[in-house]
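Engineer: Quick note, our numbering runs 21 ahead of the 1-based positions in the sequence shown.
Note that these hints are calculated values from the structure, not bench results.
Please note: incorrect hints may appear among the correct ones.
[Said to hold, decoys possible] For lysine to any residue, the following SDA-like pairs were computed, each having C-alpha atoms within a straight-line distance of at most 25 Å:
1) Lys144 <-> Ala123
2) Lys110 <-> Ala123
3) Lys144 <-> Pro287
4) Lys144 <-> Gly235
Here the structure is a predicted model, which means the values were calculated and not measured.
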Amino acid sequence: MWLHRELLPLAAAGPYARGHKTRRGRTPHAAGVVIFTSGGMGAVHGDSGHGSRTLAALVRGQGDAVGAAEWLSAVAAAGSVVTAAGAWKVAAQARDTADQAALTAAAAAQIERDRLHHEFTPKFDVHLVRQNPGSPVASLTITWDGPSTLERLTEVRVFVRDDGVHRTSSATGVPPSAEEIAQTVWGPYRLRPGVSGASSDGRTATHRDLELGGRLVLAMEPTLRPSWMRTDDWYQTGVALVRLRIEAVHPAYRPWQQVFSVGLEPSWDALP
């Protein structure tokens, strides 16, 4: 911004400056000030001191205008920052609300899945029957009775469980190794290895594709006494219960696991 000024004595303007009378009898004696600014030209009448003061006031006015403009710009910038912060806060709250809604929906969906999983738990009828009178071999029958909603199970896995009793006694005085203990089925019966899909240790058997109402028949035999056990520490055949875990697999749900304890029943031929 620029300011150009020029002071001109009124004597140069004509006869009024020499003290000549005017028609009305007045003679001007004061000097005049002509001011040129970026906004245009103006004249201030009066003595030179008064003109200088007026010029200074105008300059101060120009400075005040510039300061006011800068202050307004600063206020506007601060307002923009506040607005942006408010928008960010609103967006963050919206994200939090959306995340909470998603978590609530996921929790509700999980509750519904758990309800259906419990409602559709397969119902198995399990029996352990001696094959023939006096025979140590028995047949484990597992019948799937429902619910009908599932229609078909892709897999049924049978596990022979240990009785849970911790045994470390040894007839030789040497405790068994962890491997020997793991290979021993701690119960009165085990699955016959290699028969009907049974594993070599007699612990597990897997059957695929079982329809509603279908039946599994698995052969079982008395477990073998470990070499480090005394005879009176072992099971009497037919006295203890056989503990089982049955796992059912369906493609629409996570697997079901159920536990059963069954005792040896008389052979079918022995029934009246």
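Engineer: Please go over all the hints and tell whether each is borne out by the structure.
Structural biologist: Taking the hints in turn, this is what the structure says about them:
| no. | hint | in the structure |
| --- | --- | --- |
| 1 | Lys144 <-> Ala123 | violated (35 Å) |
| 2 | Lys110 <-> Ala123 | holds (20 Å) |
| 3 | Lys144 <-> Pro287 | holds (24 Å) |
| 4 | Lys144 <-> Gly235 | holds (12 Å) |
The structure fails to meet hint 1 from the earlier list, while all remaining hints are met.
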